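What follows is the residue order along each chain.
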Amino acid sequence: MSMNDKNFKYLTGPFSANNPVIVQILGICSALAVTVQLKPAIVMALSVTVVTAFSNLVMSLLRNGVPSRIRIIIQLVVIAALVILVDQVLKAYVFEISKQLSVYVGLIITNCIVMGRVEAFALANKPWPAFLDGVGNGLGYGLILVIVAFFRELFGSGTLLGYPVIPESWYATEGGWYTNCGLMLFPPMALIIVGCIIWVHRSHNKDLQEK
Amino acid sequence: MATKKFRCNVCGYVHEGAAAPEKCPVCGAPASEFTELKSEKKSWWHDKNSNVYIVVYATVMVVIVAALLAVTALSLQGRQRANTLNEKKEAILASLGAAEQNYDEYIAAYAVDAQGERIESVSADEALQMLFDLKKAEANATYPVFEAADGRIVLPVNGTGLWGPIWGYVALEKDMNTVAGAVFGHQGETPGLGAEIATEKYQQKFVGKRIFDGAQFVSIVLRKGGAQDPEHEVDAITGGTKTSDGVTAMLKTSLGHYLPLLEARRNASAGAEAAVGTESADTTVGNAVPVVEEVSNDEKDANK
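Protein sequences, first through last, are from chains A and B. The first sequence runs 28 to 238 under this note's numbering. The second sequence runs 4 to 307 under this note's numbering.
Hint data in this document are derived by calculation from the structure and do not stem from the laboratory. Quick caveat, the model's predicted, so the values are computed rather than measured. Take these hints with a grain of salt, some might be off.
What the hints assert, rightly or not - When the alpha-carbon atoms are kept at most 27 Å apart in a straight line, the in silico BS3-like pairs for lysine-lysine are as follows:
id	chain 1	residue 1	chain 2	residue 2
1	B	Lys177	A	Lys126
2	B	Lys92	B	Lys204
3	A	Lys36	A	Lys233
4	B	Lys138	A	Lys118
5	A	Lys153	B	Lys204
6	B	Lys245	A	Lys126
7	A	Lys126	B	Lys139
8	B	Lys255	A	Lys118
9	A	Lys118	B	Lys91
10	A	Lys66	B	Lys92
11	B	Lys255	B	Lys139
12	B	Lys91	A	Lys126
13	B	Lys227	B	Lys92
14	B	Lys91	B	Lys245
15	B	Lys8	B	Lys91
16	B	Lys26	B	Lys51
17	A	Lys66	A	Lys118
18	B	Lys227	B	Lys139
19	A	Lys66	B	Lys91
20	B	Lys139	A	Lys118
21	B	Lys245	B	Lys208
22	B	Lys92	A	Lys126
23	B	Lys51	A	Lys126
24	B	Lys204	A	Lys66
Based on the provided sequences and hints, a complete structural model is requested.
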């Protein structure tokens with residue numbers, strides 16, 4: 028259970044150089060859907076992290092016994108079971124947020140990041156590195172989600188985590204000059220923000236730039 | 004021909020045949036250096052690609068997962084139910100425009116039968132629980148009513164939209180005629196079209212509508228192309244005609260279940276007003292006036 032350099036890389040690699048969203052361009056769909064506000068984005072990020080971490084862990088523990096012919100189905104059973112668990116817990120303890128996330132919790136099952144990591148990493152690695160890889164990828168995905176949601180909520184609703192941050196007096200309705208950007212609330216804006224993040228990220232990481 | 008396998012102990016060469024060769028063709032070791040390889044058939048739990056292994060593996064896996072999920076679902080059920088119940092309480096208060104009120108203090112829940120008579124055996128909690136399966140409650144001719152402390156009542160409604168179930172709560176003023184507020188919910192109506200019924204903006208349009216035209220129950224109609232009768236009609240949703248029709252049908256059917264109760268209440272309040280000697284009863288009940296007079300005469304007789 029040591030956190031040596033290699034293991035540390037499994038955990039932190041997906042934050043930037045190997046980010047599932049902005050480098051591997053996975054999980055875009057849910058990144059558009061749940062990033063209107065910060066709070067659901069954070070819950071979604073944590074839910075996905077739990078699912079990737081434990082699906083990686085479970086599949087890594089099972090990796091020597093899984094018949095290779097039905098491994099995809101087994102992966103789906105494990106992932107679906109975890110997602111249902113998460114959904115049940117959310118419904119019981121954070122009901123309001125689970126209503127906001129609605130179908131997107133169920134759709135974690137189809138998030139390519141989860142199955143991608145199980146297939147590409149967990150089936151070939153020991154449980155501890157697999158677990159770290161899952162946590163790393165979940166958090167790497169969550170990081171992008173939170174950044175996108177930050178901009179969308181700030182400029183779209185003038186709030187952060189539901190608290191108003193733009194002074195009331197700035198608003199046009201109060202005699203000011205400011206109006207919230209309604210466009211931010213629409214899914215295409217998330218795609219544009221993700222695009223901007225990719226742009227900034229690649230301009231700082233020369234080795235990711237394609238010739 | 005039964006071939007056996009023999010391996011050379013020196014170099015590892017495997018010979019196939021009835022007996023060990025006299026001399027190893029690779030390293031030249033004598034026949035005594037050869038040992039026979041027992042052709043052992045792998046048992047099914049060692050062969051991960053055998054059908055038996057796959058079926059057993061999948062079965063065990065599914066049973067374990069199913070058991071795990073069942074245990075979780077059962078252990079969290081109480082909390083989830085409490086959450087849903089809370090949501091329903093909030094919706095009832097929201098339809099009254101009294102979100103700040105405490106449900107338990109403000110609302111008295113009970114159930115009525117098809118004749119509008121209160122069913123005494125149904126407790127307030129049981130009436131609330133009926134909301135979990137309103138269709139069943141209606142099939143049993145038990146209709147939950149939620150009465151606010153100020154005399155207004157909330158009637159749950161349910162029906163079918165375009166894609167799935169729709170439901171709602173309609174609050175009526177004390178005259179049992181004017182809509183005080185309405186809240187609608189849906190399971191899967193089209194976002195931006197049919198799903199608009201769940202928006203506050205749309206629900207506001209119902210406030211002030213009347214479900215009776217004189218003594219005649221007309222419900223509220225969502226009219227395509229725009230409301231023509233401002234008293235009893237609301238604009239249908241553009242592009243959401245099927246859902247709008249569903250809401251119209253839902254209101255007509257579900258509110259219809261409460262007609263005996265509503266009419267009894269209207270007559271009673273009109274009677275009370277007439278007995279006191281106010282003339283306003285005429286304008287609010289219209290055609291029901293003769294009945295009202297009868298009632299009030301009876302009451303006067305009784306008073307003598």
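Verification of the supplied hints:
1. B:Lys177 x A:Lys126: Distance ~33 Å between Lys177 of chain B and Lys126 of chain A Cα, so the pair is violated.
2. B:Lys92 x B:Lys204: With Cα atoms ~21 Å apart, Lys92 of chain B and Lys204 of chain B stay inside 27 Å; holds.
3. A:Lys36 x A:Lys233: Status holds; Cα separation ~19 Å.
4. B:Lys138 x A:Lys118: Between Lys138 of chain B and Lys118 of chain A the Cα gap is close to 24 Å, so the pair holds against 27 Å.
5. A:Lys153 x B:Lys204: Outside the cut-off at roughly 55 Å; violated.
6. B:Lys245 x A:Lys126: Roughly 25 Å separates the two Cα atoms, so the pair holds.
7. A:Lys126 x B:Lys139: Judged against 27 Å, a Cα distance of about 25 Å means the pair holds.
8. B:Lys255 x A:Lys118: Answer violated: Lys255 of chain B to Lys118 of chain A is near 33 Å, above 27 Å.
9. A:Lys118 x B:Lys91: holds (15 Å)
10. A:Lys66 x B:Lys92: Distance ~24 Å between Lys66 of chain A and Lys92 of chain B Cα, so the pair holds.
11. B:Lys255 x B:Lys139: With a Cα-Cα distance of about 18 Å, the restraint between Lys255 of chain B and Lys139 of chain B holds, given a limit of 27 Å.
12. B:Lys91 x A:Lys126: Roughly 14 Å between the alpha carbons, so the hint for Lys91 of chain B and Lys126 of chain A holds.
13. B:Lys227 x B:Lys92: violated (32 Å)
14. B:Lys91 x B:Lys245: Satisfied, since the Cα-Cα distance of roughly 25 Å is no more than 27 Å.
15. B:Lys8 x B:Lys91: Not satisfied, since the Cα-Cα distance of roughly 76 Å exceeds 27 Å.
16. B:Lys26 x B:Lys51: Since the Cα atoms of Lys26 of chain B and Lys51 of chain B sit roughly 38 Å apart, the hinted pair is violated (cutoff 27 Å).
17. A:Lys66 x A:Lys118: holds (15 Å)
18. B:Lys227 x B:Lys139: violated (31 Å)
19. A:Lys66 x B:Lys91: Cα-Cα ~23 Å, so holds.
20. B:Lys139 x A:Lys118: holds (25 Å)
21. B:Lys245 x B:Lys208: Since the Cα atoms of Lys245 of chain B and Lys208 of chain B sit roughly 18 Å apart, the hinted pair holds (cutoff 27 Å).
22. B:Lys92 x A:Lys126: Since the Cα atoms of Lys92 of chain B and Lys126 of chain A sit roughly 16 Å apart, the hinted pair holds (cutoff 27 Å).
23. B:Lys51 x A:Lys126: violated (43 Å)
24. B:Lys204 x A:Lys66: Roughly 25 Å between the alpha carbons, so the hint for Lys204 of chain B and Lys66 of chain A holds.
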